[in-house]
Amino acid sequence: MTRHIKEIIIKYVFFSFALVSIVVLGMIVFSLFREGVPIFKVVSLKDFLFGTEWYPTFDPPLFGIFTLIVGSLIVTIFATLLAVPLGVMTAIYISEIAPRAIKEILKSIIEMLAGLPSVVLGFFGMVVVAPWLQNTFDLPTGLNIVNASMILALMAVPTISSISEDALYAVPHEFKEASYALGATRFETIAKVIVPAALSGITTAVMLGMARAIGETMVVLMVAGGAAAIPESIFDSVRPMPASIAAEMGETPYRSAHYHALFATGMVLFFLTLAFNLIADYVSHKFKQTGSATP
Amino acid sequence: MMRWRYLKQSAFFALVRASALIITLTLGGIILYILMHGYSVISWEFITKPPTDSMTQGGIMPAILGTIYLTLGAIAIGLPLGVASAIYLTEYAIQGRMIRLIRVGINCLAGVPSVVFGLFGLAFFVIIFKFGSSILAGSLTLGFLILPTIIGASEEALKSVPQTFREASLALGVSKWQTTYRIVLPNALPGILTGSILGIGRAAGETAPIMFTAAAFFTSKLPSSIFDEVMALPYHIYVLATAGTNIEATRPIQYGTVLVLVAVVLGINLVAILIRGYMRRNKRW
Chain B
59 MTRHIKEIII KYVFFSFALV SIVVLGMIVF SLFREGVPIF KVVSLKDFLF GTEWYPTFDP
119 PLFGIFTLIV GSLIVTIFAT LLAVPLGVMT AIYISEIAPR AIKEILKSII EMLAGLPSVV
179 LGFFGMVVVA PWLQNTFDLP TGLNIVNASM ILALMAVPTI SSISEDALYA VPHEFKEASY
239 ALGATRFETI AKVIVPAALS GITTAVMLGM ARAIGETMVV LMVAGGAAAI PESIFDSVRP
299 MPASIAAEMG ETPYRSAHYH ALFATGMVLF FLTLAFNLIA DYVSHKFKQT GSATP
Chain F
66 MMRWRYLKQS AFFALVRASA LIITLTLGGI ILYILMHGYS VISWEFITKP PTDSMTQGGI
126 MPAILGTIYL TLGAIAIGLP LGVASAIYLT EYAIQGRMIR LIRVGINCLA GVPSVVFGLF
186 GLAFFVIIFK FGSSILAGSL TLGFLILPTI IGASEEALKS VPQTFREASL ALGVSKWQTT
246 YRIVLPNALP GILTGSILGI GRAAGETAPI MFTAAAFFTS KLPSSIFDEV MALPYHIYVL
306 ATAGTNIEAT RPIQYGTVLV LVAVVLGINL VAILIRGYMR RNKRW
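Each protein sequence line maps, in turn, to chains B and F.
So for the first sequence, the numbering used here puts the first residue at 59; every next one is plus one.
So for the second sequence, the numbering used here puts the first residue at 66; every next one is plus one.
Incorrect hints may appear among the rest.
List time: in silico DSS-like cross-link candidates among lysine-lysine, alpha-carbon distance up to 30 angstroms [to be verified]:
(1) F/K73 <-> B/K64
(2) F/K286 <-> F/K114
(3) F/K286 <-> B/K161
(4) B/K234 <-> B/K165
(5) F/K286 <-> B/K234
(6) F/K114 <-> B/K234
(7) B/K64 <-> F/K241
Here are the in silico distance ranges between beta carbons for each label pair [unchecked claim]:
(8) B/I66 <-> F/K224: 21 to 29 angstroms
(9) F/L86 <-> B/S314: 45 to 53 angstroms
(10) F/E313 <-> B/I337: 41 to 49 angstroms
(11) B/F195 <-> F/L86: 46 to 54 angstroms
(12) F/A79 <-> B/P118: 35 to 43 angstroms
Not everything, but these chain B residues come out facing chain F in the computed CB check (under 10 angstroms) [what the hints assert, rightly or not]:
(13) L103
(14) T148
(15) V229
(16) L257
Just so you know, the hints here were simulated from the structure itself, not pulled from any lab data.
No residue lacks a Cβ here, since even glycine has one placed at the ideal position from N, Cα and C.
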């Protein structure tokens, strides 16, 4: 009987370890609220979210993060527009077209791209892409929306490509065979059978890629330019939320209004990415392709 | 008609190949660029000497050491927690609402932006636990950051151990825990290690989570305890490239540091990829 009790104890020990992820998530939410909520004694929630003036060091300071939210959304949208075609097409190539050897090499390349530290990509954007943009388009600065979106797209491509590839790979073989049997070409099979069948997985991939881009810090900190204003062209600088947090937290006195405002910005960023992740999770479970006609 | 259909197919295939080529060339271009500019800077002195003359001369030894400490610390925290979580999820858990909740939690944790991890580390470890900006606070933050990666990899490794192994062991009257510990875990170990190596790469390259929790702009002495601040490679690159006293003059040092970081991180990744390939070829079941 003691052995039985021992087994039960072991089971619950492992159960408590499995709960650590949820506990950490809870601790993150707790710390963001604890340090972020006090800002709403200084500024109302509406003025915080929709105020267009972010002058945290002025006297009196102004804490409106609307320009930061707009900055985050703009670079994320442009990055997605670049990364989705690239990522999905590459996934199609790897899963449906490439010969075996090339397939393995490409998968490793994508993994290496995913492994490149963000600070390295940000550095590359600063020293290579920025001067090139500046000279080609005759701009005052190459640190702008275009630059940040390009580098962010590069960071989102591995996420989009590898998850899309899994989804394409999971499409049952029978679908493909049935399509060929009807006389469809490989292209028609891919476009009309395989991709539609994998669409929920591809959607999940895009959502997770967007979550990655919106939360990415070093790239936007180094190459987005840092201007807290509503941009008028794609060559304007922006100051996305993560950039603001990372740049300003270091020089903010502990528990000052500015400190609380940065935590509240982190809260907004956290819930934005959480929404993307939950949508991705929902889509992948709700519209899951389950099995094929034949066992 | 038939020709038109095949023409469309060729055009599509060309487009798809072009996408793969763009990605390959971009990665190749970035690595080549870093190699070409960083190569001439790398020397024994660069790797083993601390920075001098307000970081405009000298090497990057303290940053290399700091990154090693932080990464080891992150693994010490992330690996046991991650493997234990994965053991519960694959070996013990019975599908239900609780498990679904845990999985959603892990996915959400994987999606938390790195800068938010930084804020969390600052509020919790630096301030509430009073660790200050230190190796300990940074390692804890990075350890929780890589937790989902390690759980995912470990789960996959545990799942790949054939069910018959477990059944054979249980049929001999061996308890569940002994089966897990003596049979399942050893067989899953290579897979778990590969996944953890990827986690190491991630921890070594992250900047935002350590900015407020561990990284120092410059330290003249090496850390003597886990409560000391350290320099770190990614943060050193950021500091020199954006806030240094003379950004242009320190360009060579920046290239050198980037090369060292990329070599470390991609080297780690490459090792993981090679081990995995080797394992797949030599699978015993």
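Hints, one by one, checked against the model:
Using a Cα cut-off of 30 angstroms, the hinted pair F/K73 and B/K64 is violated, with the two alpha carbons roughly 65 angstroms apart. The straight-line distance between the Cα atoms of F/K286 and F/K114 is roughly 12 angstroms, inside the 30 angstroms bound, and the hint therefore holds. A distance of roughly 48 angstroms separates the Cα atoms of F/K286 and B/K161; the hinted pair therefore is violated under the 30 angstroms criterion. For a cut-off of 30 angstroms, the pair hint linking B/K234 to B/K165 stands: about 23 angstroms separates their Cα positions.
Only pairs whose Cα atoms come within 30 angstroms are accepted, and F/K286 paired with B/K234 is rejected, the gap being roughly 64 angstroms. Straight-line distance between C-alpha atoms of F/K114 and B/K234 comes to about 60 angstroms, which puts the hinted pair past the 30 angstroms bound. With a CA separation close to 10 angstroms, the supplied pair B/K64 and F/K241 stays within the 30 angstroms bound. For the pair B/I66 and F/K224, the supplied restraint of 21 to 29 angstroms holds, since their beta-carbon distance comes to about 24 angstroms.
Under the hint 45 to 53 angstroms, the C-beta atoms of F/L86 and B/S314, about 51 angstroms apart, fit the expected range. Between F/E313 and B/I337, the C-beta spacing of about 45 angstroms keeps the proposed range 41 to 49 angstroms intact. Our hint of 46 to 54 angstroms for B/F195 and F/L86 is violated, since their Cβ atoms are close to 25 angstroms apart. With their beta carbons about 60 angstroms apart, F/A79 and B/P118 fall outside the hinted range of 35 to 43 angstroms.
For B/L103, the shortest C-beta to C-beta distance to chain F is roughly 19 angstroms, which exceeds 10 angstroms, and the interface hint is violated. Taking 10 angstroms as the C-beta cut-off, the interface hint given for B/T148 holds, the closest approach to chain F being about 5 angstroms. The closest approach between the C-beta of B/V229 and any C-beta of chain F is roughly 17 angstroms, which is over the 10 angstroms cut-off, so the hint fails. Below 10 angstroms, beta-carbon pairs count as interface contacts, and B/L257 has none with chain F, the closest being about 17 angstroms; its hint is therefore violated.
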